[in-house]
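S.K.: Spelled out from the first residue to the last, the chains are:
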Amino acid sequence: MNLQYDTEQAILRDSAHAFLRDHYDYKAHRRIAASDAGMSPELWREFAQLGWLGLPFSTEDGGVGGGPVETAILMEGFGRFLVIEPYLETVLLGGGLISALGTAAERKALLEPVMEGKSLFAVAHDDRTASITATSTSRGFALSGATKLVLAAPLADQLLVSAELDGGRLGVFIVPKTASGLTLRPVRLIDGRRAADLELTVVELPANALLGGNDNAGTAVASVIDLAIAALSADAVGAISTMVSATVDYTKTRVQFGQPIAKFQALQHRMVRMRVAEEEARAFALFATLALDRPPDQRARAVSGAKAKIGRSARFVHQTAIQLHGAIGTTDELSLGAYAKRLLAYEALFGPTREHLRRYGALMAKPDRAAEGLLTAMA
Amino acid sequence: MDISLTAEDQAFRNEVRSFLDHNVPPAMRRAGELTTGFIVDPEISIALHRALAQQGWSVPNWPVEHGGTGWTPVQRYIYEIECARAGAASYNNAGAQFVGPVIIRFGTQAQKDKYLPRIRSGEDHWAQGYSEPGSGSDLASLKTRAESDGDDYTVNGQKIWTTHAHKSNRIFALVRTSSEGKRQEGITFLLIDLDTPGITIRPIIGNGGDHEFNEVFFDNVRVPKENRVGEENKGWDVAKYLLEFERGGSVQAGRVRAQFARLAKLIATRCPDDPEMAIRFAELGTDIDAMEMIDLSVLSAHQTGANPGPISSLLKLRWSEIRQVVSELAVDAAGPDALRWVDERPLYEALQLPPEEEENLSLIPRYLNGRAFTIMGGTTEVQTNILAKSLLGL
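Which chain is which? The protein sequence lines are A and B, in order.
With my numbering applied, the first sequence covers 1 to 379.
With my numbering applied, the second sequence covers 1 to 394.
Derived from the structure by calculation, the hints contain no laboratory data.
In silico DSSO-like links for lysine-lysine, alpha-carbon gap of 30 Å or less: (1) B:182 x B:234; (2) B:234 x B:114; (3) B:389 x A:252; (4) B:240 x A:263; (5) A:148 x A:118; (6) A:252 x A:263; (7) B:167 x B:143; (8) A:263 x B:182; (9) B:389 x B:240; (10) B:112 x B:234; (11) A:366 x B:265; (12) A:341 x A:263; (13) B:225 x B:114; (14) B:240 x B:112; (15) A:263 x B:389.
Model the full assembly from the supplied sequences, consistent with the hints where possible.
M.R.: Structure follows, in structure tokens:
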């Protein structure tokens, strides 16, 4: 067991923070969020040059060969600086599915443009209902159905759509944005990210649109979604941590009744609880990150546990941060509101807190699992 | 980074597991489950302590030259987890946990020769004489006096909340030897035999029905000066050293997990379809996982020689609250069945009932006794003050 960053990981963290501090302050966030593109193409090119867009891909595929810990380090930085570029959507979800399911030829054709920053993916997958179906046709497949809030869909040039096949199993399809029968209704999200509601009416696709020719992609999709939740949890930890520090700093400078309000014990105790919530969130995000290679049940315990615990921590921290800032905390003058929105989005995306709590609770209701600690034998 | 056991640690775990399988009899397991206070009586635990002593494991945290095991932090953690898993009940181990390390750090050679072997073997049981009626959170205000009289001190005063004093033969105590200067600079650390004339022990029965706490009265008690640990008036430094072990030194995750698993069973039999209980149970589970992960981070920092910093003070704060929630949910899951009461203690001696009925009788006592978790060893409020300074720089 080792839970310390190694030297290279510490360098990645420090250099990512330094780059984002220089290029992504609150003003930049607001400008990018208000732009038509919904992202900064210049910064995306820089992300490519920094190697970030190839970070999780294997060296055989031309990537950096980083693991979930490296991904989490970067994501925590994105949360800390309110980065809204579609890293999760394109690199982790899209790239993750292509890595897991794609043939060698597909991986080469699809991943290289992603790593170079030339191609953006969005992934349409609904964990809860099979909202899109794929029927076999003489030429390939026809996709029909609808799904909501597909992250980064307005930005992407290609979509990866999960659909239920004739036998009830899952396949992932590469769908060009220009496909006939596909309609997108773009929407802005509270945190500046873009998404779209998708409708597919008999979208005709060739047989090779099925990624990897794989007609049993459910397991791979589930593990990519869990990876995305772990990564988004690290993002939330970055946002939580920033809100806690901002609150402590603010109360040290805000003077009322002739003294900094940080001197008041009632406020001190609430801020200690915020820091405790931050530490708990950080610990759980790391647990989820390190459990991604475990068997599905153990992975689900860590990932759903993280989403549930960090969701609660996030709610408590954003509410308390606003309260302790007083009236100014309710405005857009400070970045506080933007962090609150990012954390609200975290809570609701990829299954809300209560849903993960139920999933986690059902797993832990087995006394054997409840008794099981976090340190387990090497697989 | 990884969160898995190496092959060596796995082999160690198997060794510990098989040792405990042989040395934790079902009677001890049952006693642990029906003990509603914090620790089982020495009559229950002594056999295990002796077996541990024979194995060379009775004082794992001590330096190897004094009988410690030299285990890595991860191995110590595994040991604690396995003890809880095997149902090895917690017992008063203040000798091994607290006063032993203090004697090793500050004691004379004569003190080491006299006391350390008897702690290792389990012959001596130690109580802790810190709190007084007027000195709880504000410990430095303590008033029990030790007057110098030749080769002895004469001790007068009163200690309170003394866990298992009635089951102990020795006590380590903080006493006032000077009223000059800063309050902390007039305190001395003494080792006192509890059979010394002038000592009276009076029980305090908790509202959970258990006798764990006591008042200890000192009436002209003569204590040889050779029983002083460290210099006169330097006892506060000794106490602070000891407090580090009390707050951060013990692993909670194992015990809490064992209780959490029993809670899972309780809910499954008493209220399996109650959605609100399911949610509260799940929230509690995520709290436990988060804290165990923080435990492991602290451990990992120790392992690489890094300083985990003030995070370790957070452990006491949260674990004590979590333990209370476990007992609270158990009471709620049982509903009115938890209202059944008997006066006799310990329950494992008083009762011979079907397991479910015995469990009913333990729930409210355990819940009520557990209210002390957030009070003893530094209240939650005091811990929060400490964290405001150390964690937030306020």
